[in-house]
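> Whenever a hint applies, use it, and build me the whole structure from the sequences.
The chain contents come next:
There are 2 protein chains.
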Amino acid sequence: MDNVNLKRLAKELNLAVSTVSRALRDSHEIGKETKERVRALAEQLGFQPNPHASSLRQNKSKTIAVIVPEVENNFFSQVINGIESVAPTKGYHVLIYLTHEDFKKERDILQLLRNGRVDGLMLSLSNTTSSFGHLEAYRQAGIPIVLFDRVCETIEDVPMIITDDAEMGYRATEHLIKKGCNRVAYLYPAGESSIAIRRGTGYQNAIGKYQPKQKPLFIECSTNDAQNQQVIRKLLRNKKERPDGIFAAIEKLAVNTYEVCHELNLSIPQDLKVISFSNLRAAALFHPPLSSIVQPAYEIGRESATILFKMIEKKLLLPNEKKIILPSKLIERASTADS
Amino acid sequence: MDNVNLKRLAKELNLAVSTVSRALRDSHEIGKETKERVRALAEQLGFQPNPHASSLRQNKSKTIAVIVPEVENNFFSQVINGIESVAPTKGYHVLIYLTHEDFKKERDILQLLRNGRVDGLMLSLSNTTSSFGHLEAYRQAGIPIVLFDRVCETIEDVPMIITDDAEMGYRATEHLIKKGCNRVAYLYPAGESSIAIRRGTGYQNAIGKYQPKQKPLFIECSTNDAQNQQVIRKLLRNKKERPDGIFAAIEKLAVNTYEVCHELNLSIPQDLKVISFSNLRAAALFHPPLSSIVQPAYEIGRESATILFKMIEKKLLLPNEKKIILPSKLIERASTADS
DNA sequence: CGCGCTTACGTAATCGTTTGCGCAGAAATT
DNA sequence: AATTTCTGCGCAAACGATTACGTAAGCGCG
Chain U
1 MDNVNLKRLA
11 KELNLAVSTV
21 SRALRDSHEI
31 GKETKERVRA
41 LAEQLGFQPN
51 PHASSLRQNK
61 SKTIAVIVPE
71 VENNFFSQVI
81 NGIESVAPTK
91 GYHVLIYLTH
101 EDFKKERDIL
111 QLLRNGRVDG
121 LMLSLSNTTS
131 SFGHLEAYRQ
141 AGIPIVLFDR
151 VCETIEDVPM
161 IITDDAEMGY
171 RATEHLIKKG
181 CNRVAYLYPA
191 GESSIAIRRG
201 TGYQNAIGKY
211 QPKQKPLFIE
221 CSTNDAQNQQ
231 VIRKLLRNKK
241 ERPDGIFAAI
251 EKLAVNTYEV
261 CHELNLSIPQ
271 DLKVISFSNL
281 RAAALFHPPL
291 SSIVQPAYEI
301 GRESATILFK
311 MIEKKLLLPN
321 EKKIILPSKL
331 IERASTADS
Chain R
1 MDNVNLKRLA
11 KELNLAVSTV
21 SRALRDSHEI
31 GKETKERVRA
41 LAEQLGFQPN
51 PHASSLRQNK
61 SKTIAVIVPE
71 VENNFFSQVI
81 NGIESVAPTK
91 GYHVLIYLTH
101 EDFKKERDIL
111 QLLRNGRVDG
121 LMLSLSNTTS
131 SFGHLEAYRQ
141 AGIPIVLFDR
151 VCETIEDVPM
161 IITDDAEMGY
171 RATEHLIKKG
181 CNRVAYLYPA
191 GESSIAIRRG
201 TGYQNAIGKY
211 QPKQKPLFIE
221 CSTNDAQNQQ
231 VIRKLLRNKK
241 ERPDGIFAAI
251 EKLAVNTYEV
261 CHELNLSIPQ
271 DLKVISFSNL
281 RAAALFHPPL
291 SSIVQPAYEI
301 GRESATILFK
311 MIEKKLLLPN
321 EKKIILPSKL
331 IERASTADS
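Chain order of the listed sequences is U and R.
Under my numbering, the first sequence has 2 at position 2, and the numbering climbs by one with no breaks.
Under my numbering, the second sequence has 4 at position 4, and the numbering climbs by one with no breaks.
Any given hint might turn out to be false.
If several chains are the same, the list does not tell them apart, and a pair holds so long as it fits within one copy or across any two.
BS3-like, lysine-lysine: derived pairs with alpha carbons at most 30 Å apart [what the hints assert, rightly or not]:
#1 Lys35 with Lys7
#2 Lys105 with Lys35
#3 Lys7 with Lys60
#4 Lys7 with Lys314
Simulated from the structure, these hints should not be mistaken for lab results.
Next up, the structure:
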């Protein structure tokens with residue numbers, strides 16, 4: 001027996017296991033001197049309580065799960081960073097899972113975690129998720145769950161942390177129009193993603209307000225770069241009806257747009273102005289620098305984690321903590337300069 | 001008692017707990033019919049074995065840890081993605097920890113995990129890590145550990161997965177020289193990072209070979225953007241001795257270089273050619289597109305995880321699995337075009 | 001002096017799962 | 001027919017930490 005556990009400590013100190021346990025947890029039932037002896041030996045032997053035994057007994061895992069569609073994405077990376085800025089201070093560990101935008105995986109992962117492995121979870125929905133039974137099951141099992149960014153508005157009593165997507169969609173479109181665009185297209189990823197819908201709503205409202213005669217131009221894209229380039233190519237080749245402004249719901253689509261523009265020798269912003277949601281710092285180095293709507297990703301992570309821990313600690317959530325909307329920023333760069 | 005556990009199943013089926021357990025694990029000792037009954041009820045009640053009880057009993061956690069300096073970095077994101085492509089297929093969960101380039105945090109995290117919470121861990125060292133006792137302790141405790149990218153060459157029997165940094169450092173420098181650079185500077189992050197050293201070695205060798213009269217120009221940078229810009233500004237303002245080529249060890253420093261060039265109205269590649277290690281897809285969209293050395297990040301993650309699981313499964317590692325060197329790619333773009 | 005109370009610790013049950021061992025009855029072997 | 005071998009299942013002891021409860025000594029108090 002070379003593992004150092006309570007039994008080992010107890011034997012070496014001629015104490016009962018329970019005494020050692022209590023001493024280490026600083027119980028008032030244990031004498032000061034004994035506590036010192038225990039602590040000293042524990043320190044010396046590098047004792048670390050077995051987390052599985054603790055978890056089993058106390059029925060809590062000191063672990064939360066973060067489930068995101070992908071991680072190769074500045075937004076989600078920053079969110080994770082934000083979460084990680086909170087979890088360790090609470091003594092919590094962070095499990096990470098990727099759905100790869102696949103509803104089945106999302107459902108399976110949630111199923112997998114319904115057994116006490118985690119005390120709570122934070123989730124940003126895959127864009128193929130259109131039913132929410134897997135969430136409902138959690139709610140009923142009483143496992144705290146928080147949604148962020150890509151949420152589901154119809155489910156009750158699940159806090160959500162989002163950004164002002166519709167507002168920023170409106171402002172992005174408005175920005176393009178004020179810079180002289182007469183025909184703004186909205187590029188968005190196919191699927192059920194709540195953000196694409198909210199951003200599209202803002203887009204539509206802005207068109208409705210400033211160019212009521214225009215028919216909104218919703219361009220559905222996919223997750224495949226080649227396909228997206230094809231779609232964008234077709235859009236921009238159409239001489240007569242070519243848009244002169246593009247509002248991309250996600251960074252990836254702005255990148256695709258840039259790629260096609262280079263290919264077709266269209267210059268931004270003269271021939272086409274582009275703005276996009278993006279958390280990429282290097283967007284400022286693009287040719288030309290990309291006007292961006294930057295989401296407070298780190299804060300989303302922090303807020304989400306903070307709310308989740310409140311729930312885990314059974315604190316009551318204030319009404320305004322059930323739906324938190326954090327403001328994004330519009331950063332104007334050369335891709336939407338006057339031409 | 002509304003939790004569904006073995007006891008509950010056993011009671012409802014009039015069986016012993018052990019029988020139920022064995023039935024679910026498909027033991028040959030259990031009759032076919034009984035197995036069916038058990039499985040049916042388990043399915044119906046949505047039974048999920050308690051992972052803490054299992055872990056406690058079997059002394060394994062079905063969990064690995066990934067410890068990286070940061071996550072807001074395409075390289076590490078891709079590595080995590082690669083790891084995640086393996087772990088679930090082995091039934092494993094992935095804990096993530098960030099050191100934020102802080103040795104103390106790294107040490108504390110490793111300390112925290114020495115209690116059975118994980119069956120193994122994958123680590124990329126912080127750049128402030130210069131002693132390795134915390135790793136040694138793991139090796140002695142017999143917990144499998146794999147190093148990737150930022151490794152430590154002096155520790156024995158810890159497999160490492162790295163890229164051909166010195167070789168690519170050489171080729172990057174060579175590339176700049178062949179494109180006409182007469183004075184190439186090497187920008188690298190301060191600290192102990194093994195990659196910065198290996199890349200620098202390649203740089204030095206190339207200078208030694210092609211421009212033996214030149215003194216290598218090692219420019220030490222930090223993690224602070226403003227400071228780095230200051231350093232680079234100073235470097236580039238020096239009219240007489242201004243370098244005409246920059247090889248950046250990490251993406252961040254290439255970004256800083258671009259920023260300063262914009263500021264000083266230096267044009268790339270005419271006034272200065274730039275090449276950098278970078279896994280940023282959008283590097284192709286920079287102004288001008290950034291010549292990059294792209295590391296096989298996803299594969300590094302996959303390989304590391306594969307090796308780790310071999311160790312966890314107590315399989316013997318082949319000699320060539322103890323140090324795996326994966327090739328990077330040099331992608332030539334406009335930032336190093338002939339001027 | 002006897003009663004209760006506090007202090008400081010020990011005993012043992014518990015969390016849920018796994019697994020060595022035991023033990024019937026049935027089947028197969030001699 | 002007597003013995004061995006399976007087959008199928010139950011009993012109970014782990015794993016390591018936590019905690020309700022028990023208990024002995026020491027103390028104050030009437």
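> Tell me, in ascending order, the numbers of any earlier hints that this structure violates.
Result: no hint breaks.
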